[in-house]
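**Q** Working from the sequences, and respecting the hints, build out all of it.
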Amino acid sequence: MRFNAKDLALLARRPSGCFDKEGRLKICRVVGDEKLIEPRERWCRLKGNLLFLMKNKSSEASEVVILERCWIVEFRSKTDVSIVLKFQSGEPDLYLEAASKPDCESWAVALGEANSEGLQNKIQQLRRLIMEIKEERSSDEARQFLPSSQVDSLGELQFTSIQRIANEPKLEFSLACKDLVAATRDRKLNTFIQVSVVHPAEHILTRYSSTEIVEGTRDPLFLTGVTFPPEYPIYEETKIKLTVYDVKDKSQDTVRTSVLPDHKEPRADVGRSFLGCTTFRVGDLVKSKEQQLTLTLRTSDGGKTVGTIEVNLVKMGELEDGETDHITTDTQDQKCALVRECTATEGISGKDNLPSLNAVLKNPICKLYRFPTSDNKWMRIREQMAETTLSFHVPKELINLHIKEDMRRNQELKDLGELAPHWDNMRRSVIAHCDQMLSMYQDTLAELGKHTGSSFKSSCSKGEKTLEFIPINLHLQRMHVHSPRLKDALYDVITVGAPAAHFQGFKNGGLRKLLSKFEAERRNTGYQCIYYSPENTAKAKEVLSNINHLQPLISSHADLLLNSASQHSPDSLKNSLKMLSEKTELFVHAFKDQLVRSALLALYTARPGCVLKKPAVPRNTAEEGGDDLQHQDHPSQIKRQDSIPHHSEYDEEEWDRVWANVGKSLNCVIAMVDRLLEKDNISHIKEGENDPSAADCKLLHTGSDWYEQLYPLVITLKDCMGEVVTRAKQSMAFVLLQELACGLPQCLMLTLRRDIVFSQALAGLVCGFIIKLHTGLHDQGFLQQLHTVGLLVQYEGLLSTYSEEAGMLEDMAVGISDLQKVMFKVIEAKSEDFLPIITGRREHYIIEVQLPAKMFELLPQEIKEGKLLRMYPVLFNVGINEQQTLAERFGDTTLQENINQENLELLKEYYKLFTEKMPPDCLPHFQEQNDLKGLLENLHQNIQAKKRKNVEIMWLAATICRKLNGVRFTCCKSAKDRTSMSVTLEQCSILRDEHQLHKDFFIRALDCMRREGCRIENVLKNVKCRKYAFNMIQLMAFPKYYRPPEGTYGKADT
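Using the numbering used here, the letters of the sequence shown map in sequence onto residues 1335 to 2388.
If you are wondering where the hints come from, they were derived from the structure by calculation, not from laboratory data.
Among the hints, erroneous ones may be present.
Stated by the list, open to error - In the DSS-like style, the derived pairs of lysine-lysine whose C-alpha atoms are separated by at most 25 Å in a straight line are:
no.: 1; residue 1: K1512; residue 2: K1621
no.: 2; residue 1: K1875; residue 2: K1748
no.: 3; residue 1: K2251; residue 2: K1873
no.: 4; residue 1: K2280; residue 2: K1847
no.: 5; residue 1: K2063; residue 2: K1738
no.: 6; residue 1: K2159; residue 2: K2251
no.: 7; residue 1: K2188; residue 2: K2106
no.: 8; residue 1: K1435; residue 2: K1389
no.: 9; residue 1: K1926; residue 2: K1875
**A** Here is the structure:
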């Protein structure tokens, strides 16, 4: 290349304002991954496609880099502040390092746009902008579409609303083109329509959605429709602009919003050319007699006609007169009619359930499709996706419960009383660690309380500490199918990132491995503390929970008994005694456990002055076995101190006497009440024969006698109960002290990790349960199944068993297993707040779901009376990406095999329970009893086969779940890319298998949903880019039907 050195030197010394960008960068040359020299600081000036490198701002240019036939490589990590210039000529790469990440990004954009290709892109972008401006004309011209009365009232924002059914989209329409004119005669058009909205108050053009690309025809009929959700501000005066494009290269026609354009893939719109556009008012479509508009497509200057476009209003659920026309190659006579049959699921989609659903679901996204059936009819599909407020509500409620539980536990440890120095030092250490962890929970809750804005956590935020309790990318994915001669159907899937502790990392594995390792280490803790099995530790927590729950209830019923006695009310006295007896019997039964007795002995030996030659080993009964409690000898035998002679041998029968006194005291109360009631009956008979006024005086005196006679017995009952509570609380708190002391700080860190994973899993479960309950309110078979058997919750995992994802899978497996300890209860809402209420403690939570009164009345009596509803979660995982290929060939897939086998057994148990408790005709699918048995057997065979990437396991598990009225979940690392492939495949498979989707349209339907459906919108919500985060090499390892269509994947942050 020829150049004038003098002119370049002169250009480099021009004033600062003359340059596109300038600043300090550290620069060096790079060959491969090795830097030739250490980076040196240089003053860099960018002018056009010339980059001047200078030692300082006032010196001569030491080097000039011509930014042609090169591309930028930007490093995506949050900490990296460097970029690399790569040259097609093969010369060494240029390494540039900025002072900060924003500065690095600014340089990357400037350098990426500096070459001639960037200039051409700018020119094309400006040309398109000019075309849009010409088409819009002016805001005054846009106002001509409005009636004069509406023009005058624009300032008051009074527009005509569109009538609609509650909770249904405001407007839906389908599109088709005819007689499109190509630029050349031989050109086969590959067209799509871009839909934009002009709001009447603002006159600003907003791009709303697009159809799919229809290839090789001048009369395209688009399967993807347009739908506006209920909250969208659209009125009769709103204008819709339809722009038709011809796509030359489908692989390049994807909207990109990344900071830098990739050198290998052009910017948006490079692979398309403008054909024509048209505009219509929403009111014209809604009020048209045939609910159809035929519009003329014109070029940007408004002169040349390039075809027509048909807009058909869609009202899903209406029955069109006459037969639906057959689908033929001639699209002129194609009508989009529906034969629809209403079912129970639609009966609740009115105003009654709208407030409760709106409290849970937010920011819905709707897509509309029409697909042909195998008998050449049309079916319509509405795809919906919504985030949920439960993403933040459930974790906040859960953390609040954790804080209360931990504060109560810390206080119980402090109330243990005086301990020997060894145990006291242990207690101090445990309380210090617990207080630190408690502070962390409080800080997290405070940070979550500050959160505003979106109701979901994006995949980019999965590693943020303040959001670690929040589920990743939690959404409801719904498909609503209207097909001819078949009942309408709803298919729901909850999509969420795998519940895992991303901030804590997976260097040492996930919960499954960590808990197993911790338990093995805890068995060998030495002489410092007593080992209690996890079962005994859980039992201790349950006893403490029962104490805290029952003691105030018994005290309250005892006071009610005295109050009834003072009022001389026999009926009230009987009822109060009945409640007091029931609660006291539960209270006494809670302590009929060998663990309490053995823990009391252990606590006795930990008191000051009671030091035995060998630390006491609490003895277990034959029922519990000898391995539940172990204790190591002290290294040296310590003799009892003779200076404390008053300590005698521990009386093991003393505890039996203490808690037995509660029962004896209750019997005394019962006997006294029976005696009083008997005397009262006799006195009433005698007094009835004498003067009535004398009977009234006697009544007052008797009421006082009743209270005086019962009062000392009730006080004795309370005192005995107080003695039991004190001893039992201390003994169980001592058990918990051993659990914590044996594993500090790992024990608390594992508890934290488990809480994080459980919080994410529970938020998804609560969302799934509420949605399932709403859709099944009119299905009596489902409601009977719900309270008789419980609800099946099936999780589909797409994680690999390689590297970090193996740790995620271990976390996920434990989190889902912990959901077995969750029970649901449906209550009638007493206010307008329909959010669920969470009560309980770790390992035992109750979720109270609130329903409006009209919906609550639809429930069976058992559920209305507060029966607890059980959950049966199962997880089946099959890795499908390139990392799973590595695991299968060079690593280990045992984790996946074990999880699938364990959960198959759980699924079989649920099916067995279901067949035993439910009548054969209770479910819509249950007449296919043999099918279910065959599916289970097929699933068993596929799991045993250990076939690589056997996705049939997931298909079978999902089918079984739907046939058993279960709730479906699909999870991958972030519920964005692999999850999208799986959900869309499942939807199209359902359309094919259940709704007779034409076999020739299966792949096209799949591409439609992946290219223009809700899942690509989910990707945009997460990473601000309409591209699935796959590359060509990764997709080669994917199963065939899990690969996205060309042009929808590429470089994107995950």
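**Q** Confirm or reject each hint.
**A** Each hint tested on the structure:
1. K1512 x K1621: Between K1512 and K1621 the Cα gap is close to 23 Å, so the pair holds against 25 Å.
2. K1875 x K1748: The given pair, whose Cα atoms are some 16 Å apart, holds under the 25 Å limit.
3. K2251 x K1873: violated (30 Å)
4. K2280 x K1847: Holds: K2280 and K1847 sit about 22 Å apart, inside 25 Å.
5. K2063 x K1738: Roughly 17 Å separates the two Cα atoms, so the pair holds.
6. K2159 x K2251: With a Cα-Cα distance of about 20 Å, the restraint between K2159 and K2251 holds, given a limit of 25 Å.
7. K2188 x K2106: With Cα atoms ~17 Å apart, K2188 and K2106 stay inside 25 Å; holds.
8. K1435 x K1389: Within the cut-off at roughly 23 Å; holds.
9. K1926 x K1875: Cα-Cα ~15 Å, so holds.
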